[in-house]
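Respectively, the protein sequence lines represent chains A and U. According to the working numbering, the first sequence holds residues 1 to 338 in order. According to the working numbering, the second sequence holds residues 1 to 312 in order.
It is possible that part of the hints are untrue.
In silico SDA-like links for lysine to any residue, alpha-carbon gap of 20 Å or less [claimed, not checked]: (1) U:K282 to A:P265; (2) A:K152 to U:E104; (3) U:K241 to U:I257; (4) A:K170 to U:R127; (5) A:K170 to U:E198; (6) A:K178 to A:S143; (7) U:K7 to A:A332; (8) U:K7 to A:S327; (9) U:K7 to A:I323; (10) U:K282 to A:Q36; (11) A:K152 to U:I145; (12) U:K7 to A:S330; (13) A:K170 to U:F199; (14) U:K282 to A:D305; (15) U:K133 to U:K282; (16) U:K282 to A:E69; (17) U:K7 to A:A320; (18) A:K178 to U:F199; (19) U:K282 to A:I67; (20) A:K170 to U:W125; (21) U:K195 to A:E140; (22) A:K178 to U:E198; (23) A:K170 to U:E93; (24) A:K170 to U:A94; (25) A:K152 to U:Q114; (26) U:K282 to A:T169; (27) U:K7 to A:R331; (28) A:K178 to A:P265; (29) A:K152 to U:C82; (30) U:K7 to A:R334; (31) U:K272 to U:Q114; (32) U:K241 to U:G253; (33) U:K282 to A:E301; (34) U:K195 to U:I63; (35) A:K260 to A:D172; (36) A:K178 to U:W125; (37) U:K195 to U:H213; (38) A:K170 to U:A126; (39) U:K133 to A:T169.
Honestly, the hints are just simulated from the structure, not real lab data. For clarity, every value in this text was computed on a predicted model and none was experimentally measured.
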Amino acid sequence: MSWSHPYLLYLLPLALLPWLSRNTEKQIVWESLLPQDVVSTVIGYTLRVVASIVIAALIMAVAEPHIPEHTVQRSGQGAEVIILLDRSRSMDQPFARRHTYRLSTKMNFKESKRSVARYYLTEFVSSRPDDRFGYVFFSEQASGILPLTYSKETTLATIEAGGLGRGLTKTDISVALKKAGEMFEGEVYRGARIVLLISDGGQILSAEQEQRISQILQDNNLSLYWIYLRSVSGMTLDEMPGESVLWQGAPERHLHTFFKSLAVPYQAFEAGSLDEFAAAMKNIDQQHYQTLLVERKMPRESLADYFLWVAMVGLLLLTASQIYTWSGVSRAYRSTRH
Amino acid sequence: MSLSYPKRIFLTALVMLISLLMIMAALWLPQVDREIEVMDSLFVIDITDSMNVEDVSFGNETINRLEWAKEYTRQSILSMPCGSHAGLAIFSEARSLILMTPVEVCANYHDLMQMLSQFRPTMAWARSSEVSKALYTAIRQAKEITPQPTVVFLTDGHEAPPVHETLFPKFTDTPGEVPGVIVGIGGSDLVPIPKTNEFGEIEGYWEINEVMHKDVYASSRGDAAELNDNRPRTEHLSSQKKSHMETVSRRVGFEFISSPKSPQNLIKEMQKISETRQQPVKYDLFVWLASIALILLLLVFLPYSMFTKQHE
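Using the sequences plus the hints, can you model the full thing?
Here's what the structure looks like:
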């Protein structure tokens, strides 16, 4: 328990005032004329004790006692997700150019891959109440601009900002994945950990880079999901019989092959249309409801009411006795006047 | 003044009764709505190389301009009333990049600070610093955000490559449509600019022959070219470019404050120019009611007799 205005507690000695005050007593010619009455004495002392309690309780209530905001751990259903959204220039190009897949125009939707990604990420984040999200911003460089957080507001604001403006230079997926791994370093293992990579391009990694990525993913127990936004229609990540020779050895395929060789769970979703993109997000959504340790923020709780209750009950007693005294005294005075 | 005994008793009973009613009101009166003025802001922080210059001080410590900008942003966010929103953006090359759209400052303080702490020169995507163009993009993007935030642009005003006075990039929007403040950072002496490598470590300084000293476009224009040729070759050094920032801020209808001492300077400036929103907050009157009850009770129990006896 803590106090909002602890300095007000210095007023507590004022609770002794009822013991100093004699102003409600009648002036007596000679004290010994008063009859000694044990019951009266006891009642008098009790009323003073009550008055002291009332004053003390009021001072404490005004000092605003409260339990400060704190976090409690409970188990929830979800995962810890690091979002890796490609910020490169190619993401500005339109996604799924076929017009049948046009989204409603009232959203002022620019159909770039980045806006589409932003839209579905927003849906995804909003639909998962218990998840903890982090966000890595990457093009050629990567920085974990949003470390894992429970706040939906900041996560959504970061995703929204990702849809503003134009894209940056090129993509370097290796630094991005490394960064994603680092985001979990020093974190307690709470449950499923996901790296969600959304990108439209691949990359040929050096042996050293591959080694480092595979190490970091394994060390941190991560699952990798790659939502691949297809740039060339028809091309798949896995080789298909009778396909164009041009696609063989494409950087995307290299990356896909490398990801498949990893010891960690990996799944690729190839999105060539909005429907496929939505399906991919839904698929991930369904897979990851495992038990997760969640921190919940408990709001600050005021305890002032308890003190006010004490004060009220006490004062009710005092007021009642005072009114009783008054009625008795005024009756006595009236009768003497006759 | 003296009152008869029954009157005194009655008065005491009455005051106690009022006090009791106050406590009851404190317990059961519903919270009232109170309006507070909040604003939406977008902090754009310069992360170009010239921000690595250590020529500003916070307290007794001399720190670099970027650290100063971050600390100033932190304190400003801290000074805003709960309910205000703040977003974060960085600027490098010729554009501003919004990293988080405005979020409520009290509930999200931790996340805002986490993001702010990540701002480093290594996040820059190119090695130039076109302040005015970056400012224009910040304004344009701020318009896409609802509710539209007030832009706070923290920079030293160093344009690299330099811009000729008469050949400014055009500002095509309406000046003042998006309100904003430019916060000038840096000392007034020209000092060398540290050069950072890809890990953000400082590796020597920008040399005189490594930077452009003239506006390339001005060189091809008669009169401008002449002026251009006579410019001192000091672009590898940096100081706070106050007059330049004043010009830029006038052009876009912003306010300019140079090296403010306290976050209040900025907040006051922002309150003047921003459209503040009225945000209703729930406000509990119990403290006031309980205080009245307390004062009334203390009046009842004050030892008046102690004072009056001295007079007799």
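Legend entry - Violated constraints from the hint list, given by number and in increasing order: Structure breaks hints 1, 10, 15, 26 and 31.
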